[in-house]
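Colleague: So the chains spell out like this:
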Amino acid sequence: GAVVSQHPSWVICKSGTSVKIECRSLDFQATTMFWYRQFPKQSLMLMATSNEGSKATYEQGVEKDKFLINHASLTLSTLTVTSAHPEDSSFYICSASPTLAGVTGELFFGEGSRLTVL
Amino acid sequence: GENVEQHPSTLSVQEGDSAVIKCTYSDSASNYFPWYKQELGKRPQLIIDIRSNVGEKKDQRIAVTLNKTAKHFSLHITETQPEDSAVYFCAAPWAAGNKLTFGGGTRVLVKP
Numbered sequence: 001g002a003v004v005s006q007h008p009s010w011v012i013c014k015s016g017t018s019v020k021i022e023c024r025s026l027d028f029q030a031t032t033m034f035w036y037r038q039f040p041k042q043s044l045m046l047m048a049t050s051n052e053g054s055k056a057t058y059e060q061g062v063e064k065d066k067f068l069i070n071h072a073s074l075t076l077s078t079l080t081v082t083s084a085h086p087e088d089s090s091f092y093i094c095s096a097s098p099t100l101a102g103v104t105g106e107l108f109f110g111e112g113s114r115l116t117v118l
Numbered sequence: 001g002e003n004v005e006q007h008p009s010t011l012s013v014q015e016g017d018s019a020v021i022k023c024t025y026s027d028s029a030s031n032y033f034p035w036y037k038q039e040l041g042k043r044p045q046l047i048i049d050i051r052s053n054v055g056e057k058k059d060q061r062i063a064v065t066l067n068k069t070a071k072h073f074s075l076h077i078t079e080t081q082p083e084d085s086a087v088y089f090c091a092a093p094w095a096a097g098n099k100l101t102f103g104g105g106t107r108v109l110v111k112p
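Quick note, the sequences are listed as chains Y and A, same order. Note that the first sequence covers residues 1 to 118 in the numbering used here. Note that the second sequence covers residues 1 to 112 in the numbering used here.
Do not rely on the hints blindly, as some may be mistaken.
To be verified - Cut-off 20 Å, straight-line C-alpha distance, at most; resulting in silico cross-link-like pairs (SDA-like, lysine to any residue):
(1) K99(A) with T32(Y)
(2) K20(Y) with R43(A)
(3) K41(Y) with A29(A)
(4) K99(A) with Q38(Y)
(5) K99(A) with N70(Y)
(6) K20(Y) with K64(Y)
The set of hints was computed from the structure by calculation and includes no laboratory data.
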């Protein structure tokens, strides 16, 4: 299957600092990638869709100025949590699919990044 | 958008018994229904999926059934083993492409 790699796998930061998480598709090109957030013992909640070469689209209730997304190439999307606070502590997971745009297919997930804000 | 409901939220079964998890969805245009397994602290991984042109799909001990009229689909695990213990998520797409909405998850515990 396709491989999606995410880095870092865990990060601890101080309140008020910014944290960048990278998501790479290793063996396919992805014009779109998806960023999910998962709180302990809860489901995956879609935060935003990252679009290569254009602005990300955010789900309702997700602050775009707080969660900056950049998709500069067909294999890399980054999520930056700006001015992080303890309530931003969560498991962030990216995903992508090698299928054609408009055709729904298997989503491959990165390893996830566990963010802890002190 | 899509609304996906999943039941039960927890399921405890004896090793060797069967486990069934059910999901309903709201968007009648949805045509792809995956099931993901997530072990503690790890990424979700696809275990089986079904498209709307079939009613059932089986892969060894795992099967998925789909009822498009009623807008529900189910995951069946037979002869459960301790390694089947995990959280299982159903999902359904909305909007164009691969945007998935996930169900709330089912925590399955297989007791030896």
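Colleague: So if I understand the rule, the pair passes when the alpha-carbon distance is 20 Å or less; does K41(Y) with A29(A) pass?
Modeller: violated (30 Å)
Colleague: Against the 20 Å threshold, does the CA-CA distance of K99(A) and T32(Y) hold or violate the hint?
Modeller: holds (10 Å)
Colleague: Measure nothing beyond the straight line between the CA atoms of K20(Y) and R43(A); if it is 20 Å or shorter, mark the hint as holding.
Modeller: holds (19 Å)
Colleague: For K99(A) and Q38(Y), compute the direct alpha-carbon distance and say whether it is at most 20 Å.
Modeller: Holds: K99(A) and Q38(Y) sit about 16 Å apart, inside 20 Å.
Colleague: Below or equal to 20 Å on CA atoms is what counts here, so check K20(Y) against K64(Y).
Modeller: OK: K20(Y) and K64(Y) at ~14 Å, within 20 Å.
Colleague: Just to be careful, I want the Cα atoms of K99(A) and N70(Y) compared with a cutoff of 20 Å; is the pair within it?
Modeller: This hinted pair holds, its Cα atoms lying about 18 Å apart.
Of the numbered hints listed earlier, the single one contradicted by the structure is hint 3.
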